[in-house]
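Protein chains in written order, with my numbering: chain P, 52 to 198; chain E, 52 to 198; chain Y, 203 to 625; chain Z, 203 to 625.
Note that these hints are calculated values from the structure, not bench results.
Just so you know, even glycine gets a beta-carbon here, dropped at the ideal spot from N, CA and C.
Treat each hint with caution, since some may be false.
Unchecked claim - Here are some of the chain Z residues that sit facing chain Y, going by a computed Cβ distance under 7 Å:
1) 236
2) 466
3) 495
As the list claims (entries may be wrong) - Straight line, CA to CA, 27 Å or less: simulated DSSO-like cross-link-like pairs of lysine-lysine:
4) Z:486 with E:177
5) P:67 with Z:532
6) P:150 with Y:288
7) Z:318 with Z:486
8) E:171 with Z:486
9) Y:288 with P:187
10) Z:510 with Z:525
11) Z:288 with E:177
12) Z:590 with P:73
13) E:187 with E:106
14) Y:486 with P:171
15) Y:590 with E:73
16) Z:620 with P:72
17) E:145 with Z:288
18) Y:486 with P:150
19) Z:620 with P:177
20) P:106 with P:187
21) E:106 with E:177
22) Z:318 with Z:353
23) P:67 with Z:620
As the list claims (entries may be wrong) - Each pair of labels, with its calculated beta carbon distance range:
24) Z:250 with Y:317: 44 to 50 Å
25) E:135 with Y:370: 56 to 62 Å
26) Z:518 with E:188: 50 to 56 Å
27) Y:276 with P:145: 17 to 23 Å
28) E:151 with Y:475: 57 to 63 Å
29) Z:370 with P:134: 56 to 62 Å
30) Z:206 with Y:276: 39 to 45 Å
31) E:73 with Y:243: 57 to 63 Å
32) Y:288 with E:188: 52 to 58 Å
33) P:156 with Y:276: 27 to 33 Å
34) E:135 with Z:286: 34 to 40 Å
Read off the chains here:
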Amino acid sequence: MDLDSLYQEVILDHYKRPLNKKLEPNPTVQVHHVNTSCGDEVTLNLHTDGRVVAKISWEGVGCSISQASHSVMSDLLKGKSVEEALGLVDEFQKMLQSKGIDAGNEEHLQDGVAFAGVAKFPARVKCALLGWMAFKDALQQSIAKKR
Amino acid sequence: MDLDSLYQEVILDHYKRPLNKKLEPNPTVQVHHVNTSCGDEVTLNLHTDGRVVAKISWEGVGCSISQASHSVMSDLLKGKSVEEALGLVDEFQKMLQSKGIDAGNEEHLQDGVAFAGVAKFPARVKCALLGWMAFKDALQQSIAKKR
Amino acid sequence: MNSAINVEKIKSEFPIFSRLIRGDQPLIYLDSAATSQKPLVVLDAERNFYTKHNAAAHRGAHQLAEEATELFEGARSKVARFLNAKSENEIIFTKSATESINLLAYSLGNARPGSKFHIEKGDRIVVSEMEHHANLIPWQELAARTGAELKWLGVTDEGRLALSNLEEIIDKRTKVVALTHQSNVLGTINDFNGALSQVKNRIKEVGALFLVDACQSVPHLKVDVQALGADFLTFSGHKAVGPTGVGVLWGRNELLDELPPFLTGGSMIENVTMESATYLPAPKRFEAGVPNMAQAVGLGAAVDYLEKISLDEIHQHELSLTKRAIEGLKQIPGLSIIGPEDLVDRGAVVSFAVAGVHPHDLGQALDQYGIAVRTGHHCAWPLMRRYKVVATTRASFYLYNSESDVDALIEGVARARKYFVER
Amino acid sequence: MNSAINVEKIKSEFPIFSRLIRGDQPLIYLDSAATSQKPLVVLDAERNFYTKHNAAAHRGAHQLAEEATELFEGARSKVARFLNAKSENEIIFTKSATESINLLAYSLGNARPGSKFHIEKGDRIVVSEMEHHANLIPWQELAARTGAELKWLGVTDEGRLALSNLEEIIDKRTKVVALTHQSNVLGTINDFNGALSQVKNRIKEVGALFLVDACQSVPHLKVDVQALGADFLTFSGHKAVGPTGVGVLWGRNELLDELPPFLTGGSMIENVTMESATYLPAPKRFEAGVPNMAQAVGLGAAVDYLEKISLDEIHQHELSLTKRAIEGLKQIPGLSIIGPEDLVDRGAVVSFAVAGVHPHDLGQALDQYGIAVRTGHHCAWPLMRRYKVVATTRASFYLYNSESDVDALIEGVARARKYFVER
Ligand SMILES: Cc1ncc(COP(=O)(O)O)c(C=O)c1O
Ligand SMILES: Cc1ncc(COP(=O)(O)O)c(C=O)c1O
Chain P
52 MDLDSLYQEV ILDHYKRPLN KKLEPNPTVQ VHHVNTSCGD EVTLNLHTDG RVVAKISWEG
112 VGCSISQASH SVMSDLLKGK SVEEALGLVD EFQKMLQSKG IDAGNEEHLQ DGVAFAGVAK
172 FPARVKCALL GWMAFKDALQ QSIAKKR
Chain E
52 MDLDSLYQEV ILDHYKRPLN KKLEPNPTVQ VHHVNTSCGD EVTLNLHTDG RVVAKISWEG
112 VGCSISQASH SVMSDLLKGK SVEEALGLVD EFQKMLQSKG IDAGNEEHLQ DGVAFAGVAK
172 FPARVKCALL GWMAFKDALQ QSIAKKR
Chain Y
203 MNSAINVEKI KSEFPIFSRL IRGDQPLIYL DSAATSQKPL VVLDAERNFY TKHNAAAHRG
263 AHQLAEEATE LFEGARSKVA RFLNAKSENE IIFTKSATES INLLAYSLGN ARPGSKFHIE
323 KGDRIVVSEM EHHANLIPWQ ELAARTGAEL KWLGVTDEGR LALSNLEEII DKRTKVVALT
383 HQSNVLGTIN DFNGALSQVK NRIKEVGALF LVDACQSVPH LKVDVQALGA DFLTFSGHKA
443 VGPTGVGVLW GRNELLDELP PFLTGGSMIE NVTMESATYL PAPKRFEAGV PNMAQAVGLG
503 AAVDYLEKIS LDEIHQHELS LTKRAIEGLK QIPGLSIIGP EDLVDRGAVV SFAVAGVHPH
563 DLGQALDQYG IAVRTGHHCA WPLMRRYKVV ATTRASFYLY NSESDVDALI EGVARARKYF
623 VER
Chain Z
203 MNSAINVEKI KSEFPIFSRL IRGDQPLIYL DSAATSQKPL VVLDAERNFY TKHNAAAHRG
263 AHQLAEEATE LFEGARSKVA RFLNAKSENE IIFTKSATES INLLAYSLGN ARPGSKFHIE
323 KGDRIVVSEM EHHANLIPWQ ELAARTGAEL KWLGVTDEGR LALSNLEEII DKRTKVVALT
383 HQSNVLGTIN DFNGALSQVK NRIKEVGALF LVDACQSVPH LKVDVQALGA DFLTFSGHKA
443 VGPTGVGVLW GRNELLDELP PFLTGGSMIE NVTMESATYL PAPKRFEAGV PNMAQAVGLG
503 AAVDYLEKIS LDEIHQHELS LTKRAIEGLK QIPGLSIIGP EDLVDRGAVV SFAVAGVHPH
563 DLGQALDQYG IAVRTGHHCA WPLMRRYKVV ATTRASFYLY NSESDVDALI EGVARARKYF
623 VER
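For reference, chain P alone in the conformation it holds in the complex (with noise of 0.2 Å):
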């Protein structure tokens, strides 16, 4: 396997420009998280009213494929209902805790399905799901917020 197929076109664009890269003031929900294996953070905040997903901004310092990540999902799921965000996070970790056998439905994930590759490395799934962990953390506390 060599690097290209890892290292995406897709996911180095969106490294180099990153997609909401910049925290929203007052969000309904600010959480930090932090990939303990090598130390990469992100900080998200989310805004939503409990039903719909109205925007996702964040900072963070990591590898190209956080990076991107967190660009691809911040992008992807605003907009989208809780129910269907939710249901896009869990088909994106599916996909990269497959080992690489589950190529992903370009259909509902979108730019995301260019990381397949990473699942075929171990060490970086994580980077992979940082974001997307802490979105979902978000939202889960969001929705108990609101309760």
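Could you slot chains E, Y and Z with the ligands onto chain P? The hints should help.
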């Protein structure tokens, strides 16, 4: 190496008819030593005026090697001067720690040389030394007491 | 031999049986309760790790590190399956059962006031009189450190756990009960789902934590931690045809995740500043530092090997050897068995005394005949006192022992007795 | 190559170098600071133990047990000689340096009031900002358990131990000072008999115990514990061409014999009743249970191997590789070295950052080229914060690395940088 060269006639004789195996009352010092690796124990009563070993008597449980060794020791060192006795303990100890190279000086150690074969069995060296070390300890305590 | 175990084939898989003892005698190894021998597959698994995949697990992004991680975590999955744990996160690799028990004792000692694990004056810790020092002294020390009281269940003259004062010993104040699954001296199996179910029920009733020392059972019979119903269980790799330097602590996940750590250092932290640290969930929380990777991998191969042969077959085979041994030994004048003479709830450890022959001498004589047994207090000194012996001679059987090994033992003991008593 | 090390010959003695990486590339292993590779002689020593002499050391009277004891104790003598310890009784086998440090920390914590080792509120424990988590967190925890205060020496911008406030940090209340001998991130060697002799003098002056974490030095240069003048020293076997699952704690005999035990269990007691136990002198006091015999024997073979090649030659060889690496890497645009750039008091660990390329990505690219380096915080998170990086890329060299390995690294980093920055 066959069993007989370890369990020499002399050893088995002392084992079956141990000398001085009965604690004499009113000792100068009494010590109790334990072989921690097997649980064998000896109680030794030493009678001495600080210059000559008057009497050594003992009680204890243990294997044939240890019992025979107590017996030989109590007989050999009785009546010796403190210096002589300590010298003989050292000689005996050296022989046992020689891994079988030192056959022992029969003139000095007398029946004690029967234990030369034990030196080839590291796990049994402690059995043969137990009583001798107890004696040395008792003697040193008696000297300390006198001062 | 009416068992399905093919001893000749198995012996050939253990390289050590091709060596000779005290000159030209074949090795008759009857000391597996101290440590077992190792089949070639276990040695090869370790070697394969070192020669092809060696790197620090969990710590690198390169190919070797990935492979090392996979092999190490694969070993964890194998052990989890072997014990029927709910999840591989319930398996902690330690260096030995001794470390596992100390881990638990220290970890409980580290629990601050307010924690449900906290132990203090007024609390009670319970063990039994048949414990190995490894399952006694750590609890003495914990009691001394915390001010808790150490109590113990006694043993009957037949070598069974005494239950007469069960409710008095395991009382409401009891926080931990640590009991052996099989005595390494008596051979007694404590069947907490059978004859001793009231012990387990009592422990649940008072809400104490329940640790089972399975050093002598896990290598010899099928142990299913979910069916057993304890909270923690430990065994050592080296007694289970695995390498030295590896042990296991199994614990229920919900407990492990709340227990404070024991050894601290690398690879077990969530976050750390110069002032303080927070810790990862189990099993990482309890595996500080570069782990004993090759040994864990070797243990994985060992449990695979045992499973392939079948623990049930191994246990049946050992029972038939034990029966033969007890029957044969009892014919020897002056010989008495220390431990149950029947085969109910019994493992393949047979301790005995011969009138007029000290165990050391007996062991020495047997060694001259090529037979390796253990003599001494077997790290169970209080139990020796209970039976008023200084030491015993102990033969223990495993899957590679044959009926003829047992016969050689019986003949050897008889011969040694003649040598020391009749000469 | 102007060193006396014959890398080709050495590589051929390490089986792992015959495998290929990511397809068909030779293995360029630059991660020895995490764990070293193992020569065949070490694997053979372990195998020889298992296939010919395996039995529980110290515990049996039979021939195998005698031989196992002799091999195990022989390994202790080898390590004692290797470190120039006064006696083999000063060598304690642990499972790892992490355990060794925890052993000391817990043992001190077990010392009762009145003991000279007792630590309490008002006392101080001192470490440094360049410690590996293994030499930081155990002390944090000891401080938390005892109420003592944890203080630390900082590091300079160049990556040296900062001495400006030495007397203030190591004050009269200081009971223990635990410092690394070589940083696993910066490569800095703390020469306590040279540039840092005032640190040692200050420690003696205040009468504190002095532990040296020699994980990164003992495998790479001659360490003589008597010359060093510390009280305790530790290293891990797996970083010194030895097996996983074995570490060493060296301690001055008069201290070890007075320290309370840490792990308790079999083979370390003098006497034991159900109520309490008394303990044997060191080293047995600190080696409860059936020890990691095969691993100790493997470590014995490892130190023999290193001595035969010569630690001085190894250090010289590594220095010349380090020089080449630093010079080459510095040519790469945007690359900065984290740690001393000169070769004074420096080991063969080179950490660096490349502007615009995250260490993970760099490590990944190097892996694709067959080059194994480590990326991350290297279990020294506080040090990362100090230098305001999240992670670094770290290359570390050992006796089996060649100049061409170094050149491959430099070329690989340059190529990866192009890939991520210029694409
Ligand atoms: C400086 C230093 N100290 C301590 C350790 C801990 O060693 P281990 O993980 O082998 O216990 C390491 C290596 O990981 C190290 O580099
Ligand atoms: C019942 C029992 N518990 C605990 C142990 C301790 O095991 P290890 O010495 O492997 O830590 C042993 C064996 O020595 C044992 O037989």
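Against the structure, the hints come out as follows:
1. 236: Nearest chain Y Cβ about 4 Å off; hint holds.
2. 466: Hint holds; residue 466 (chain Z) Cβ to chain Y Cβ min 4 Å, cut 7 Å.
3. 495: holds, 5 Å
4. Z:486 with E:177: holds, 16 Å
5. P:67 with Z:532: holds, 25 Å
6. P:150 with Y:288: holds, 23 Å
7. Z:318 with Z:486: Distance ~22 Å between residue 318 (chain Z) and residue 486 (chain Z) Cα, so the pair holds.
8. E:171 with Z:486: holds, 23 Å
9. Y:288 with P:187: Holds - the C-alpha atoms of residue 187 (chain P) and residue 288 (chain Y) are around 26 Å apart, at most 27 Å.
10. Z:510 with Z:525: holds, 25 Å
11. Z:288 with E:177: holds, 24 Å
12. Z:590 with P:73: Holds: residue 590 (chain Z) and residue 73 (chain P) sit about 21 Å apart, inside 27 Å.
13. E:187 with E:106: holds, 14 Å
14. Y:486 with P:171: holds, 23 Å
15. Y:590 with E:73: Status holds; Cα separation ~21 Å.
16. Z:620 with P:72: Status holds; Cα separation ~25 Å.
17. E:145 with Z:288: Holds: residue 145 (chain E) and residue 288 (chain Z) sit about 21 Å apart, inside 27 Å.
18. Y:486 with P:150: holds, 22 Å
19. Z:620 with P:177: holds, 25 Å
20. P:106 with P:187: holds, 14 Å
21. E:106 with E:177: holds, 23 Å
22. Z:318 with Z:353: Roughly 21 Å separates the two Cα atoms, so the pair holds.
23. P:67 with Z:620: holds, 14 Å
24. Z:250 with Y:317: 44 to 50 Å: holds, 48 Å
25. E:135 with Y:370: 56 to 62 Å: holds, 59 Å
26. Z:518 with E:188: 50 to 56 Å: holds, 52 Å
27. Y:276 with P:145: 17 to 23 Å: Hint holds: Cβ distance 21 Å, inside 17 to 23 Å.
28. E:151 with Y:475: 57 to 63 Å: Holds - the Cβ-Cβ distance for residue 151 (chain E) and residue 475 (chain Y), about 60 Å, lies within 57 to 63 Å.
29. Z:370 with P:134: 56 to 62 Å: holds, 60 Å
30. Z:206 with Y:276: 39 to 45 Å: Cβ of residue 206 (chain Z) to Cβ of residue 276 (chain Y): about 41 Å, so the range 39 to 45 Å holds.
31. E:73 with Y:243: 57 to 63 Å: This hint holds: roughly 58 Å between Cβ atoms.
32. Y:288 with E:188: 52 to 58 Å: holds, 56 Å
33. P:156 with Y:276: 27 to 33 Å: Because 30 Å falls inside the window, the suggested range holds.
34. E:135 with Z:286: 34 to 40 Å: Check passed, 39 Å falls within 34 to 40 Å.
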